[in-house]
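A.B. asks: My request is simple: use the sequences and hints to build the entire structure.
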Amino acid sequence: MAVTFLNLLDRFRPHKLYRPSWMVGVSSFFVLAFFWFSIIYGATSITVVLFAKFIPELLQKLGYFQIAQVVYYLAPLAAVLVLIPANATFLVLNERKILALLTVRVGPDRVGPNGFLQTAADAIKLLFKEDIIPKGADRLLFNLAPVIFFGPTTIAFIPILSAATNNTGPFLSCDLSIGILFIMAVSSIPVLGLVLGGWASNNKYSLIGGLRSAAQAISYEIPMVLTVISMIVLTGSINLKEIVDNQTGGIFHWNIFAVGNMHLLLNLFPLGKHSIVGLYGLILFMMCCILFLMYIISACAEVNRIPFDLPEAESELVSGYNTEYTGMKFALFFLAEYTALFIICCLASILFFGGGHLPVSEGSENKILSLLSSTKLGDLSWLIPSIALMLKAYVLIFVSVWVRATLPRLRYDQLMSFSWKFLIPLSLINIFVVAILMSIKL
Amino acid sequence: MNILIKTLDGLYNIARGMFTVFQHIGRKPITSSYPDVVPELYPNTRHRLALTVNPDTSEHLCIACKQCERICPDTCITVIGDPDKKGTIKDFYLDHGLCMFCGLCTEVCPTNCIINTVDFEMSEYSREDLVYDIKRLTLTQEQSRFYFDFKEMPKPKPKPVKAAAAPAAVSTSGDTKS
Numbered sequence: 001m002a003v004t005f006l007n008l009l010d011r012f013r014p015h016k017l018y019r020p021s022w023m024v025g026v027s028s029f030f031v032l033a034f035f036w037f038s039i040i041y042g043a044t045s046i047t048v049v050l051f052a053k054f055i056p057e058l059l060q061k062l063g064y065f066q067i068a069q070v071v072y073y074l075a076p077l078a079a080v081l082v083l084i085p086a087n088a089t090f091l092v093l094n095e096r097k098i099l100a101l102l103t104v105r106v107g108p109d110r111v112g113p114n115g116f117l118q119t120a121a122d123a124i125k126l127l128f129k130e131d132i133i134p135k136g137a138d139r140l141l142f143n144l145a146p147v148i149f150f151g152p153t154t155i156a157f158i159p160i161l162s163a164a165t166n167n168t169g170p171f172l173s174c175d176l177s178i179g180i181l182f183i184m185a186v187s188s189i190p191v192l193g194l195v196l197g198g199w200a201s202n203n204k205y206s207l208i209g210g211l212r213s214a215a216q217a218i219s220y221e222i223p224m225v226l227t228v229i230s231m232i233v234l235t236g237s238i239n240l241k242e243i244v245d246n247q248t249g250g251i252f253h254w255n256i257f258a259v260g261n262m263h264l265l266l267n268l269f270p271l272g273k274h275s276i277v278g279l280y281g282l283i284l285f286m287m288c289c290i291l292f293l294m295y296i297i298s299a300c301a302e303v304n305r306i307p308f309d310l311p312e313a314e315s316e317l318v319s320g321y322n323t324e325y326t327g328m329k330f331a332l333f334f335l336a337e338y339t340a341l342f343i344i345c346c347l348a349s350i351l352f353f354g355g356g357h358l359p360v361s362e363g364s365e366n367k368i369l370s371l372l373s374s375t376k377l378g379d380l381s382w383l384i385p386s387i388a389l390m391l392k393a394y395v396l397i398f399v400s401v402w403v404r405a406t407l408p409r410l411r412y413d414q415l416m417s418f419s420w421k422f423l424i425p426l427s428l429i430n431i432f433v434v435a436i437l438m439s440i441k442l
Numbered sequence: 001m002n003i004l005i006k007t008l009d010g011l012y013n014i015a016r017g018m019f020t021v022f023q024h025i026g027r028k029p030i031t032s033s034y035p036d037v038v039p040e041l042y043p044n045t046r047h048r049l050a051l052t053v054n055p056d057t058s059e060h061l062c063i064a065c066k067q068c069e070r071i072c073p074d075t076c077i078t079v080i081g082d083p084d085k086k087g088t089i090k091d092f093y094l095d096h097g098l099c100m101f102c103g104l105c106t107e108v109c110p111t112n113c114i115i116n117t118v119d120f121e122m123s124e125y126s127r128e129d130l131v132y133d134i135k136r137l138t139l140t141q142e143q144s145r146f147y148f149d150f151k152e153m154p155k156p157k158p159k160p161v162k163a164a165a166a167p168a169a170v171s172t173s174g175d176t177k178s
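In order, the protein sequence lines correspond to chains A and B.
Take this note's numbering: the last position of the first sequence gets the number 442, and nothing is skipped along the way.
Take this note's numbering: the last position of the second sequence gets the number 178, and nothing is skipped along the way.
Calculated directly from the structure, the hints in this document are not laboratory data.
Hints should not be assumed to be uniformly reliable.
Ranges between beta-carbon positions, derived for each pair [stated by the list, open to error]:
#1 A:Q69 to B:R16: 55 to 63 Å
#2 A:P85 to B:S33: 23 to 31 Å
#3 A:F128 to B:R70: 55 to 63 Å
#4 B:D9 to A:V104: 24 to 32 Å
#5 B:S33 to A:F269: 54 to 62 Å
#6 A:I251 to B:Y12: 44 to 52 Å
#7 A:S27 to B:I30: 13 to 21 Å
#8 B:M100 to A:N143: 52 to 60 Å
Note that the Cβ used here is the ideal one computed from N, Cα and C, for glycine as well.
C.D. replies: This is how it looks when you write it as structure tokens:
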């Protein structure tokens with residue numbers, strides 16, 4: 001006891017060990033983001049180089065030419081399989097740290113320096129946990145649900161890779177001509193997994209969560225797809241690569257700035273003969289902003305982000321559809337959720353924020369790319385678009401966490417009426433207006 | 001028109017709320033990471049009870065007047081005075097499992113012997129361990145000095161009357177107790 005008391009006396013002295021001053025949290029967060037970004041990016045690019053270069057060369061030496069070709073074109077898939085777990089691990093930590101920053105807390109800081117390895121430790125813990133299947137659960141569907149939830153998110157990532165790497169090398173195989181359509185189609189499958197998981201758990205909370213998620217995903221998919229259709233009408237393509245290529249040439253050529261027609265707004269200022277053209281540009285700009293807002297809202301609802309997280313409302317249902325899941329299956333649900341968020345944000349940055357293009361003029365961007373394409377290590381021009389796309393996606397993810405820190409959860413009837421009475425009519429009007437705007441030849 | 005105004009109003013309010021949240025980025029965290037950083041407690045905080053000794057002479061300050069035992073609403077204090085010598089303490093039991101930390105005993109104590117310390121980490125494995133005897137309750141001389149300074153209590157004088165009558169006996173008993 002005496003020892004405890006003396007320790008206590010020591011603690012009364014002014015401590016210099018831990019005194020966070022202003023902005024220390026922010027700077028440590030940036031260090032964390034850089035650390036994790038380099039891990040994710042490094043792991044993914046090492047995998048790609050391994051699959052696209054070293055293994056095919058080895059196989060060709062051994063004489064298996066066809067297998068070498070197959071392995072070469074499997075590189076994108078390997079990249080996705082490395083990228084998704086690493087990325088989700090980062091996103092969870094990222095979200096907790098940003099939430100801590102926004103709500104004036106410390107956040108996780110126990111595992112590793114300043115909590116850098118918290119989610120890695122969580123992942124290891126989940127790997128070793130006992131896998132419990134509750135009594136009365138439908139074993140087949142219970143085991144199948146996380147797979148159905150996780151699989152499509154992996155597949156939906158494929159077309160984004162072509163936009164992220166400018167079709168370099170093996171990533172040519174990801175360049176689907178129906179890019180957006182493919183992502184929309186595939187990313188509507190995971191809802192099935194949620195419903196199955198909710199039903200197979202034999203638990204009322206899970207069931208309610210599953211039903212809610214089904215209703216929510218169906219009603220928010222419509223405005224999302226309709227918004228994307230408006231964007232397709234504006235850009236004139238459903239190939240992600242082409243949409244990105246249309247946005248070359250600096251920040252004012254991005255789609256959110258009136259699909260690159262920002263210069264039309266200049267006609268407004270000396271009011272007169274040409275002001276009608278300026279008005280056209282203004283309406284186009286406003287349409288793009290509205291479309292972006294609607295896309296973000298309905299996408300957040302689609303992937304069950306916080307203001308719309310009715311399926312796992314922890315204050316009403318225990319944890320929603322994943323109440324009964326433990327161990328690796330729970331981890332799969334978690335992984336898929338964050339991957340879906342990442343896909344949504346990547347798609348938003350491709351559709352509205354110029355994809356992998358830097359916010360500089362076309363000439364300087366080409367100069368950077370040509371510099372990188374002839375280095376000693378070979379063609380490295382894929383670095384710039386992929387890093388730019390990921391950073392843009394991370395900024396959007398930050399915004400979504402920011403929204404999470406701010407807004408309370410919607411009530412269920414509000415959620416439904418917001419979609420069916422507000423978003424869907426508005427998106428239909430948007431398509432109409434966009435079609436009229438595009439049919440006007442200036 | 002109504003729905004347009006409502007939409008714009010909602011967007012404005014959401015933007016305002018988000019701006020308010022964003023302003024708090026980079027503030028010093030309100031939460032403290034407790035085991036690393038013990039909060040600075042005030043002198044009047046009421047935590048674990050303890051008995052002090054005279055910080056100068058290290059003789060036990062308790063005079064076995066049993067005022068604390070009488071006033072304790074939970075009857076968690078048991079004072080056993082020395083039957084041979086009046087005004088000295090033989091044993092002192094305090095059940096922290098019963099104690100509600102009202103601080104009445106510290107107010108009533110004539111010699112500022114029983115005090116509330118700032119130690120609140122007293123979890124034990126069994127309920128019996130929460131009954132502290134005099135050995136666990138009594139502070140050392142240094143700790144007593146710290147608490148006398150910390151709580152700004154008047155320094156006790158060395159027992160004057162008994163020192164005149166039987167100085168040797170009192171000083172030895174005081175030494176053994178501390």
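A.B. asks: Hint by hint, note whether the structure agrees.
C.D. replies: Hint check:
1. A:Q69 to B:R16: 55 to 63 Å: 57 Å, holds
2. A:P85 to B:S33: 23 to 31 Å: 29 Å, holds
3. A:F128 to B:R70: 55 to 63 Å: 58 Å, holds
4. B:D9 to A:V104: 24 to 32 Å: 28 Å, holds
5. B:S33 to A:F269: 54 to 62 Å: Given range 54 to 62 Å: holds, Cβ gap about 56 Å.
6. A:I251 to B:Y12: 44 to 52 Å: 26 Å, violated
7. A:S27 to B:I30: 13 to 21 Å: Given range 13 to 21 Å: holds, Cβ gap about 19 Å.
8. B:M100 to A:N143: 52 to 60 Å: 53 Å, holds
Checked against the numbered hints given earlier, this structure breaks only hint 6.
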